[in-house]
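Novice: Here are the chains, one letter per residue:
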Amino acid sequence: MKRALRRWLTHRSRIPPALRLSLAVVLATMAVVGLVAPTSEGQSSTSATAGGPLPEPNSPTKSPEPPGAGNPTRSFPDSPALRAQGFTLYQASCSSCHGIALQGTPRVAPSLRGVGAGPVDFYLSTGRMPLEQPREEPQRNSPAFTREQIDALIAYVASFGGPAAPTADPADGNLALGFRKFTLNCAGCHQIVARGGITVGAQAPDLQEATPQQIAEAVRMGPYLMPHFDSRQLDQQDLDSIARYVLWTRHPDNSGGWAIYNIGPIPEGMVAWFIGLAALVLVARLIGERMDEPV
Amino acid sequence: MSRLAKLLGLLVAARTALRAAAGRSAPPPVTVESDVDPRRRVVPSSRRAEGVVALLLLIAALFAFAFPVIYIVSSGDTQLLGVALGGALLLLAVACIVAGKFVVPQETAVEDRGPLLVEEQTEEVIELIEAGGQGISRRAILLGAGGAAGAALLTAAATPLASLGPTLSALHETPWARGVRLVDDEGRPYLADEIQIGSCYTALPEGKDAESFGAGLLVVRLPAGFIHLPAARRDWAPHGILAYSKICPHAGCAISLYRYPTYAPTSQEPAFTCPCHYSTFLPGEGGRVIFGPAGRALPQLPLMIDAEGYLRAAAKFHEDIGPSWWGVHRAQS
Numbered sequence: 001m002k003r004a005l006r007r008w009l010t011h012r013s014r015i016p017p018a019l020r021l022s023l024a025v026v027l028a029t030m031a032v033v034g035l036v037a038p039t040s041e042g043q044s045s046t047s048a049t050a051g052g053p054l055p056e057p058n059s060p061t062k063s064p065e066p067p068g069a070g071n072p073t074r075s076f077p078d079s080p081a082l083r084a085q086g087f088t089l090y091q092a093s094c095s096s097c098h099g100i101a102l103q104g105t106p107r108v109a110p111s112l113r114g115v116g117a118g119p120v121d122f123y124l125s126t127g128r129m130p131l132e133q134p135r136e137e138p139q140r141n142s143p144a145f146t147r148e149q150i151d152a153l154i155a156y157v158a159s160f161g162g163p164a165a166p167t168a169d170p171a172d173g174n175l176a177l178g179f180r181k182f183t184l185n186c187a188g189c190h191q192i193v194a195r196g197g198i199t200v201g202a203q204a205p206d207l208q209e210a211t212p213q214q215i216a217e218a219v220r221m222g223p224y225l226m227p228h229f230d231s232r233q234l235d236q237q238d239l240d241s242i243a244r245y246v247l248w249t250r251h252p253d254n255s256g257g258w259a260i261y262n263i264g265p266i267p268e269g270m271v272a273w274f275i276g277l278a279a280l281v282l283v284a285r286l287i288g289e290r291m292d293e294p295v
Numbered sequence: 001m002s003r004l005a006k007l008l009g010l011l012v013a014a015r016t017a018l019r020a021a022a023g024r025s026a027p028p029p030v031t032v033e034s035d036v037d038p039r040r041r042v043v044p045s046s047r048r049a050e051g052v053v054a055l056l057l058l059i060a061a062l063f064a065f066a067f068p069v070i071y072i073v074s075s076g077d078t079q080l081l082g083v084a085l086g087g088a089l090l091l092l093a094v095a096c097i098v099a100g101k102f103v104v105p106q107e108t109a110v111e112d113r114g115p116l117l118v119e120e121q122t123e124e125v126i127e128l129i130e131a132g133g134q135g136i137s138r139r140a141i142l143l144g145a146g147g148a149a150g151a152a153l154l155t156a157a158a159t160p161l162a163s164l165g166p167t168l169s170a171l172h173e174t175p176w177a178r179g180v181r182l183v184d185d186e187g188r189p190y191l192a193d194e195i196q197i198g199s200c201y202t203a204l205p206e207g208k209d210a211e212s213f214g215a216g217l218l219v220v221r222l223p224a225g226f227i228h229l230p231a232a233r234r235d236w237a238p239h240g241i242l243a244y245s246k247i248c249p250h251a252g253c254a255i256s257l258y259r260y261p262t263y264a265p266t267s268q269e270p271a272f273t274c275p276c277h278y279s280t281f282l283p284g285e286g287g288r289v290i291f292g293p294a295g296r297a298l299p300q301l302p303l304m305i306d307a308e309g310y311l312r313a314a315a316k317f318h319e320d321i322g323p324s325w326w327g328v329h330r331a332q333s
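Sequence order for the protein chains is A and B.
With the first letter of the first sequence counted as 1, position 29 gets the number 29 in our numbering; the numbers rise by one all the way through.
With the first letter of the second sequence counted as 1, position 30 gets the number 30 in our numbering; the numbers rise by one all the way through.
Because the hints were derived from the structure by calculation, they are not lab data.
All C-beta atoms, glycine included, are put in the ideal place defined by N, C-alpha and C.
Hints may be right or wrong, so weigh each one.
So, partial list: chain A residues that the calculated Cβ filter (under 8 Å) puts toward chain B [said to hold, decoys possible]:
no.	residue
1	Lys62
2	Ala109
3	Pro134
4	Gly188
5	Thr199
6	Tyr224
7	Phe229
8	Ser231
9	Arg232
10	Trp273
11	Ile287
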């Protein structure tokens with residue numbers, strides 16, 4: 001054992017001395033650098049501070065913004081009979097998740113107390129509620145209720161309080177302003193001509209079917225993962241203009257030709273590549289034909 | 001799309017059918033050992049083909065001439081302009097094809113190529129090289145001197161690297177410093193009370209150039225339950241208000257996507273997402289990357305609230321902002 005070690009230490013290497021020396025220098029440099037250099041991000045340890053608890057487990061983490069002082073609101077029909085009808089519908093279709101007294105169910109669905117008329121109108125008129133599963137992402141669908149039933153549910157839920165429903169009138173809006181505000185605040189997710197897109201963890205819906213009323217409600221409440229916008233960020237004029245711009249995106253000026261649903265430059269480029277490339281290959285094959293027989 | 005695809009398919013099918021009707025089979029592969037001399041030269045001298053080419057060229061000229069005419073007359077209708085220019089190019093190409101096939105002589109030529117390796121020649125070359133070192137006795141000295149000269153020359157060639165490019169000190173500076181107030185895109189300062197949970201605000205430095213590097217900030221307020229900052233950053237988020245650089249540390253796009261759950265237990269936690277490559281950062285955890293190609297956390301700016309309730313920067317950025325490069329890979333999170 002000892003002899004073997006000595007032999008290993010003293011026997012002559014076949015590697016030339018100069019090469020051995022340079023190898024040693026390189027290895028030593030790497031070792032020194034490795035010891036001295038600061039640890040990279042992946043290696044550093046962090047001590048996370050424990051935050052406080054989230055609000056009550058069944059209260060919503062984001063409540064709808066009021067339309068702002070002096071701004072127009074949308075009023076929905078209300079009467080004791082309508083509220084009674086809403087109560088019946090609520091108990092039959094909503095209470096299994098949102099609770100028999102709108103108090104919500106922990107870890108399943110938020111409380112609806114104090115949300116007001118806007119979110120109820122938005123979620124029901126776009127067919128996003130009721131959901132089949134509580135963890136499902138609410139998506140646009142054909143409404144499960146008639147307009148009269150939706151009004152009854154709005155009357156019932158709004159009777160528990162909450163901000164008035166916002167509204168938007170595209171006729172009061174300015175198309176250029178709407179374009180600017182939409183670009184700054186909405187296009188990141190919803191795409192510049194409102195064809196929708198994806199964010200990590202959710203889909204940003206296309207806005208081709210949204211009514212101005214639904215647009216106003218969505219902006220102020222921030223449905224699902226969308227942030228909400230208060231009247232300081234987007235005032236009523238901005239809101240009207242955004243609604244007008246969204247309506248305009250349904251018939252944009254496609255002077256370039258085939259629009260491909262206006263979903264942007266990547267599909268346009270792909271169409272050019274695939275059709276253009278196929279045509280080029282075909283032409284190359286046709287003109288590059290081999291001569292069959294010597295003439 | 002489908003019409004065009006069908007047209008292409010129809011063309012291919014028609015050609016196949018024509019060839020089958022003519023009874024032509026694929027030509028046999030040319031074999032190297034063939035005794036047949038492949039050289040040949042055919043002079044078509046077809047007056048008809050020449051006429052066709054001339055006609056095509058003239059129509060191409062007509063289309064090309066139409067381009068400036070349309071440009072002036074119809075004040076730049078892009079569709080017509082495209083037809084004119086595209087038609088001219090297409091006809092030119094067809095004319096070239098017809099000329100290449102039926103007007104100029106068709107020639108198959110053969111060029112001889114010598115053998116790639118001859119054994120005797122290799123030996124000759126080796127002998128030649130060895131003969132070049134005859135009569136040299138101090139081989140080691142010469143080799144050493146040659147090596148030194150080579151190394152010195154390499155060093156000299158590499159020296160100009162030291163003066164490459166300007167110093168990049170500007171990349172390490174942003175307009176943010178202790179006391180700079182946060183304002184919106186219309187210059188109105190932000191009150192801390194105006195920052196709502198569930199909204200995302202873009203902030204700029206008061207009195208500084210909004211276009212300068214690193215001016216844009218993302219400002220959000222989070223409930224305490226979502227905030228898990230490292231111990232060193234505990235004072236950076238007064239009243240749960242957090243500020244981050246708006247520039248993605250991956251490719252430098254402006255981060256413009258913010259998600260905030262309506263009901264946290266059944267959906268995702270709050271996050272910023274960059275629209276270019278979907279890098280996703282957690283504002284509650286010091287900008288930690290949870291998805292996408294970004295290589296480091298989003299740089300955070302410490303905030304404070306002044307006596308009047310306005311939001312101000314509490315310090316400058318503690319790390320470089322913007323896309324990562326070889327000098328910028330530090331991350332404190």
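Novice: Confirm or reject each hint.
Specialist: Outcome of the hint check:
1. Lys62: Holds. Min distance 4 Å.
2. Ala109: With a minimum Cβ separation of about 7 Å from chain B (threshold 8 Å), the hint on alanine 109 of chain A holds.
3. Pro134: Status holds, d = 5 Å.
4. Gly188: With Cβ-Cβ at 3 Å, under 8 Å, it holds.
5. Thr199: Hint holds; threonine 199 of chain A Cβ to chain B Cβ min 5 Å, cut 8 Å.
6. Tyr224: holds (6 Å)
7. Phe229: It holds, given that the least Cβ distance between phenylalanine 229 of chain A and chain B is near 6 Å, below 8 Å.
8. Ser231: violated (11 Å)
9. Arg232: holds (6 Å)
10. Trp273: Violated: closest Cβ of chain B sits about 13 Å from tryptophan 273 of chain A, beyond 8 Å.
11. Ile287: Holds - the Cβ of isoleucine 287 of chain A comes within 8 Å of chain B, reaching about 5 Å at its closest.
Violated hints for the displayed structure, listed by number in ascending order: 8 and 10.
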